[in-house]
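A.B. asks: Residue-level listing of the chains:
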Amino acid sequence: MSDPAIKPHRYTEFVGQDKPRRNAVRHAYGRGRFVDDIAFANLAHVAFFRSPHAHAEILSIDTAAARALPGVVDVFTAQDLTEICTPWVGALDHFPGLKSPEQWPLAMGRANWNGEPVVAVVAESRAIAEDGVDLIVVEWKELPPVVGIEQARAKDAPLVHPEFGSNLCFAMTLKAGDVVAAFRDADLVVEDTLDLGRQTALTLEPRGIVADFDPSLRKLTAYHSTQTVYQMQDVFCRHFGLSEENVRVIAPDVGGSFGMKLHVYGEEMSAVAASIRIGRPVKFVADRMESFLSDIHLREHKVHARMALSKAGEILAMDVDDATGIGPFSVYPRTSAMEGNQALRLMGAPYKMANYHGRLSVLFQNKAPTCQFRAVGHPIGITVTEHMVDLAARALNLDPFEIRRRNVVTKDMYPHTTPTGYILERLSHEECLARLETLMDYPRLRAEQAEARQRGIYRGIGIGTFIEITNPGPAFYGIGNARISSQDGCMMKLEPSGKIRAAVSISETGQGTETVMAQVAATYLGVDVEHVDVITGDTERTPYGGASWASRGAGIGGATVMQAALALKASILEIAGVILQGEANDFDLRAGQIVNRADGQIRMSLAEIGRIAYFRTDTLPANVHPQLSVVRHYVPQGTPFDFTNGVQASYLEVDIETGIVTLLDHWVVEDCGIILNRQLVDEQIRGGVVHGLGSALFEECLYSATGQMLTTTMADYLAPLASEMPDIHIDHICTPTEMTPLGAKGVGEAGTAAAGAVVLNAVNDALHPLGAVLRQTPLTPERILKALGRI
Amino acid sequence: MDPHYPLAFILNGARVEHEVSVRTTLADLLRHQIGQTATHVGCEQGSCGACTVVVDGRMVRACLIFAIQLEGADIKTSDGFADDALMISLRRAFTERNALQCGFCTSGMLIAGHDLLSRVAQPGRREIREKISGNFCRCTGYEAIVDAIWKVAQEMPDTRAGA
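Taken in sequence, the protein lines are chains E and R. Under the working numbering, think of the first position of the first sequence as 1, with each following residue one higher. Under the working numbering, think of the first position of the second sequence as 1001, with each following residue one higher.
Extracted from the complex, chain E is given alone in its bound form (with noise of 0.2 angstroms):
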């Protein structure tokens, strides 16, 4: 922000925005290459036993039949990687107390989830290693399971880690206010408890890895299906004694992520340990079960919550117990406690509220473990928060937007500390409020509404305002001391064709960065996006950086690329001054060309800036070293992170009679500052929406009463698909933060944030006349005609 030169380009067009992305040509061609398309001669695949017990411990293992079968190249447990591998404990120093046991591979000694990989078969292909997996012996001893939430926290629960004591990982305390009197001298208290169902990720392409271990240098090159090859390079390289510069990792191309593809599983440990056991490629691509069983699930909570009002409807206090089972470890490196801490951190947070006590419980089961997905921990505060709001209302006659708008924080409050201590530079709650209500035609929506109850059809209209946390800083994680970078770096070159090449530490996993980095460097270079083309994802030909997770590309990745730009460009110009016999600040570089800055006659190219300065340097002056590649890092700024805000609406109809919900409409009105690409934006909000729409009324992994997992396919697991989702309106209010030079935020998980809430909030206000109210998501039919009495 120091330098002048920024800020006349902040509030113009970014360049390019209307041009398709590149790599969406390549996949539309069906050009991607993702980590199954890898293929190496001497591949060998890894296919792992996993345990059929929720709780177990190892009495034997068998491997010898496995061994036997022709085309089986290794077979291993966790106790043959001990001399290669260490283990791990996913806990942070931010979080003081959490409690995780050490976690291998492969379950060692005791198996804590069914699904759980306990030994791993490698052959020459993934076939004959499932056969090979078909021959293993394992003798058990069961343990009594934890599975549900109130299980977990009984106290004459069975524990899931004996040396605990109890079943608690973590837990914290908010405190802001005095809630004590805030609720003694309140004129309303509503009070309710939600159950929010276990979800997963569904990416469509499953996680996977090739790793390829070259024993004679020490070297690992892993392909990756990560959002984070920085982070993997670390994790491999301290966890399997490598030199950190002999571990590259490559992310190709990955096929969705939204925050599962950031952490440490134990088959891709195994994989890395087969191939520095075998010196050979190996390839682990996870089928679709063995997804549902051990990729991270999120978000299983069950809230208790109180919401203090005066008569006129100001939010006076929240009191809040989430409570979240998170399986059997605090995953690693991130932790398990994020989620949770955030959801008790958003409770209330659009609201003048001053007055807010949260205690969270993170409770050990034996699940699959959960941890950091697509809006960590938003829909929690969210749904709980604005589900209060909607009671309040109801009980006070108030309308939803008129109760909100009374207790929005308010334009003259900026900048303003949340109780929960999140500090909003400034945000947009009326507008986004006010624009909402027009975009979606409010008045005529509840005019229909009341017209088909007449009809006897229940249609119902919920609302829901929420902030959404964006370019994170070193808080999230570094001061934990986790070595999770939250700067980033772009290394910029001219190349002799007068083309532009950046690499850059942000990811890509298709939602746009390269085209977004792309765009910023064609922006403050002054050439055609075009000719700008970006690497990514490859720990040997990037700078060092955090990559891409909660919401930071755009934001955080787009200053590091603008600085670069800035830089590459001032060597450009200084080049071009010598040659043409002038000074630097004499020219300047527009659309590709290099021009007098006075009256922009075109000078030069830059493919003969090129020229001359890499083959012809024989016609400069003596001592002069053309400098055509720089490099940039960019530290976040300011405050922890950048908040963005909006409000969502659902308009939807609920069948009394078959407990099903049609969705009708849903609107969208956010504010994620400058917008660098508005078809980029507005895809990231619709898959977003669709993600917690799913969450709302779909998606849930379901487990036995013994901890058996039965959702284990798409036919078991809902998710939404084309035919059940309603067209989404979108609609932005543009609130610049000054944090970032570019002035923009992230957009990632706005989407999600609040969809679920308004979901919720629609179908209670739907069956609001017949006294139902749905307390428990997701909203199955079934949960529905419960909740009226029906079945």
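A few of these clues could be false.
Here are the simulated distance ranges between beta carbons [unchecked claim]:
{"hint": "1", "chain 1": "R", "residue 1": "E1155", "chain 2": "E", "residue 2": "R455", "range": "58 to 68 angstroms"}
{"hint": "2", "chain 1": "E", "residue 1": "V773", "chain 2": "R", "residue 2": "R1125", "range": "44 to 54 angstroms"}
{"hint": "3", "chain 1": "R", "residue 1": "P1006", "chain 2": "E", "residue 2": "N42", "range": "23 to 33 angstroms"}
Every beta carbon over 12 angstroms from chain E, so not counted as near; a handful from chain R, in silico [as the list claims (entries may be wrong)]:
{"hint": "4", "residue": "L1007"}
{"hint": "5", "residue": "A1008"}
{"hint": "6", "residue": "G1013"}
{"hint": "7", "residue": "E1017"}
{"hint": "8", "residue": "V1055"}
{"hint": "9", "residue": "D1056"}
{"hint": "10", "residue": "R1058"}
{"hint": "11", "residue": "A1073"}
{"hint": "12", "residue": "D1074"}
{"hint": "13", "residue": "L1100"}
{"hint": "14", "residue": "A1121"}
{"hint": "15", "residue": "I1132"}
{"hint": "16", "residue": "G1141"}
{"hint": "17", "residue": "E1155"}
{"hint": "18", "residue": "M1156"}
If you are wondering where the hints come from, they were derived from the structure by calculation, not from laboratory data. Here a beta-carbon is modelled for each residue, glycine too, at the ideal position from N, C-alpha and C.
Got chain E sorted already, so can you dock chain R onto it with the hints?
C.D. replies: Using the frame of chain E, we list chain R on its own:
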């Protein structure tokens, strides 16, 4: 090791011969023996639609059919539409509308869209949504895909029989 058996069929217009085991699916044959990786595998349960190909003129899940069943069949994958005007239009519309993000569902989604527009004149948005509801996409929320297919439908000359 499994015994292998000879198999001959038409792949994207050319006759090919391969030796396959009885448990090799069409998806695995295409991807891992032939090396045509445009056909993606998302579930191996017939649910996600990523591996959709065309066999003897009908859409088929390549993960649910064994290669050995396909003696003499005429198989068309994403790679077999290079000169197909409708597919070229669909690909352009998908990229212009950003109707794909990660690209993993795209080959199957394009084949489903192509199949619809080859059979139905001017489908409505609801009909498009129904038709592609056998293809799962986790990234886009579907609206952009519906838009892209709808746009191509609006622009195409209606030359189908009986239309």
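A.B. asks: None of the hints should be skipped; say for each whether it holds.
C.D. replies: So, going through the hints one by one against the coordinates:
no., hint, verdict
1, E1155(R) <-> R455(E): 58 to 68 angstroms, "40 angstroms, violated"
2, V773(E) <-> R1125(R): 44 to 54 angstroms, "34 angstroms, violated"
3, P1006(R) <-> N42(E): 23 to 33 angstroms, "26 angstroms, holds"
4, L1007, "17 angstroms, holds"
5, A1008, "23 angstroms, holds"
6, G1013, "16 angstroms, holds"
7, E1017, "21 angstroms, holds"
8, V1055, "17 angstroms, holds"
9, D1056, "21 angstroms, holds"
10, R1058, "20 angstroms, holds"
11, A1073, "20 angstroms, holds"
12, D1074, "19 angstroms, holds"
13, L1100, "5 angstroms, violated"
14, A1121, "20 angstroms, holds"
15, I1132, "5 angstroms, violated"
16, G1141, "4 angstroms, violated"
17, E1155, "17 angstroms, holds"
18, M1156, "17 angstroms, holds"
When held up to the earlier numbered hints, the structure conflicts with 1, 2, 13, 15 and 16 and fits the remainder.
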